[in-house]
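J.: Based on the sequences and whatever the hints tell you, model everything.
Listed below, chain by chain, are the residues.
Protein chains: 2
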Amino acid sequence: MTTSDALPSQPFPDAARDAVYQAIFSRRDVRSQFLPKTIPDDVLGRLLMAAHHAPSVGFMQPWNFLLIRSAETKARIQALFRKANDEARTQFKDERKDLYTRLKLEGILDAPINLCITCDRERTGQTVLGRTHMKEMDLYSTVCAVQNLWLAARAEGIGVGWVSIFHQHELKSALAIPENIVPIAYLCLGYVSEFLDRPELEKAGWLSRLPLEDLVFHDTWGQTGGEHDPLAETYETLRQQYGYA
Amino acid sequence: MTTSDALPSQPFPDAARDAVYQAIFSRRDVRSQFLPKTIPDDVLGRLLMAAHHAPSVGFMQPWNFLLIRSAETKARIQALFRKANDEARTQFKDERKDLYTRLKLEGILDAPINLCITCDRERTGQTVLGRTHMKEMDLYSTVCAVQNLWLAARAEGIGVGWVSIFHQHELKSALAIPENIVPIAYLCLGYVSEFLDRPELEKAGWLSRLPLEDLVFHDTWGQTGGEHDPLAETYETLRQQYGYA
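Sequence lines, in order, name chains Z and A.
Be aware that the first sequence starts at 812, since it is given in this note's numbering, and climbs by one per residue.
Be aware that the second sequence starts at 812, since it is given in this note's numbering, and climbs by one per residue.
Keep in mind that the hints are not guaranteed to be accurate.
A pair counts as met if it fits within one copy or between any two copies, since identical chains are not told apart.
[Unchecked claim] Calculated pairs, DSSO-like style, for lysine-lysine (alpha carbon to alpha carbon, straight line, at most 27 Å): (1) K946 <-> K983; (2) K983 <-> K904; (3) K915 <-> K885; (4) K908 <-> K1014; (5) K946 <-> K885; (6) K946 <-> K1014; (7) K983 <-> K894; (8) K946 <-> K894; (9) K848 <-> K946; (10) K946 <-> K904.
It is worth saying that the hints were derived from the structure and are not from the lab.
Computed from a predicted model, the values in this text were never measured in an experiment.
T.: Have a look at this one:
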């Protein structure tokens, strides 16, 4: 079945496979550990190429990558975050509000590069193969580009933080993003002093990791594997192998 | 700065880093190459754990994973696809319509496992850290889970195809997905005879890969690197190294 144009269909060698899992399991949303160290152009180029090779509905490749290095622009964006975050804080009560207030939720000024990844919903016209029924598919494609970049960055030793506490119209205005373009992710990128062993919100006691056993259903909604879940042993092995809680 | 709980902050060794890029650059949306070979439980467990370690807004982990192996359910889902695809075809004209008609856009029956990944928008209540202003963030988190699984699958030698040509309400009804849950991705999973060297829609002449140079802006919307783009050399190196067009 293999043609001359095909790639090998076998699994990666064990070490290569494990590297992919290591990137996935040790990726973190970074806010506090950025170092003021320049990201070389070849590294940045690889990250962007990784994002550009995300799946996209109808191969429309709806993304753009707006790199922000200007201190002035970063300061403007951080001011928008602060305003929105003051609003956000009021939505939490009592101890949650206190904990929320103590959390650092962005590294906009600390990260050497900020990156806004956007979606052009009409890149290839109104009618898009695969988007005829699920209109959000191009937005989802752009999120896949974010995740590709995030994992590539982890392998490069670069931390990424996704800042989502903005009024969208203010973010668009500050970055002069055209009307028909949707900002999907505002990311902070930089080398880090460390990657935390577990997600920061988990360590801070905001929420706990859910047991995967409870989230996987078999053929019928709500039907978990129960006491004899055939996948449970694998989950346990992975928890031990990769050392997370 | 490193604490006893921290992970190393340096880049992965070259071979491990390259493995991550290999997964990213050789991942494909598979429709036609599925083999009727069982996916072992340990492999499936790893894929699901990879998905479960996606970033999620406010650490809400809004996803569920509905595994579908029942031939009857698959047949029901495929019938929904066929109906929607007949509608979709009429939206394209002339040569595009002919080409659309020739494309195989799903492998629902061929893939040993189908997987619907969903988003529970109220998993942790109405107010979610990081979702106070961008209400779509939990949907985007779930897409990150999809992409994690897709890349892990590539490393395992397993192909994944995302089928999006459905009426959402019909898909929900066929899978008895509760009202408050949003299906994000309907995926077909299986070992494959080959991974295509380039995306299937690119090979079929549907659309071409866009030059990354045109998609990256510097500090100002629309400001490309131009003739002296510092990133262009890296892009060219990557194109040669990974052998894509």
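J.: Next, verify each hint and record whether it holds.
T.: Checked hints:
1. K946 <-> K983: Classified as both: same-chain Cα gap 21 Å, cross-chain 16 Å, threshold 27 Å.
2. K983 <-> K904: neither (30 Å within a copy, 35 Å between copies)
3. K915 <-> K885: This pair counts as within: shortest intra-copy Cα distance 17 Å, inter-copy 46 Å.
4. K908 <-> K1014: The answer is within: 17 Å in one copy meets 27 Å, while 53 Å across copies does not.
5. K946 <-> K885: between (32 Å within a copy, 23 Å between copies)
6. K946 <-> K1014: between (37 Å within a copy, 25 Å between copies)
7. K983 <-> K894: Within one copy only: 15 Å inside, 39 Å across.
8. K946 <-> K894: between (31 Å within a copy, 17 Å between copies)
9. K848 <-> K946: Answer is neither: 40 Å inside a copy and 33 Å across each miss the 27 Å cutoff.
10. K946 <-> K904: Cα proximity of K946 and K904: across copies only (20 Å, versus 36 Å in one copy).
In summary, the structure is inconsistent with hints 2 and 9 from the numbered list given earlier, while agreeing with the others.
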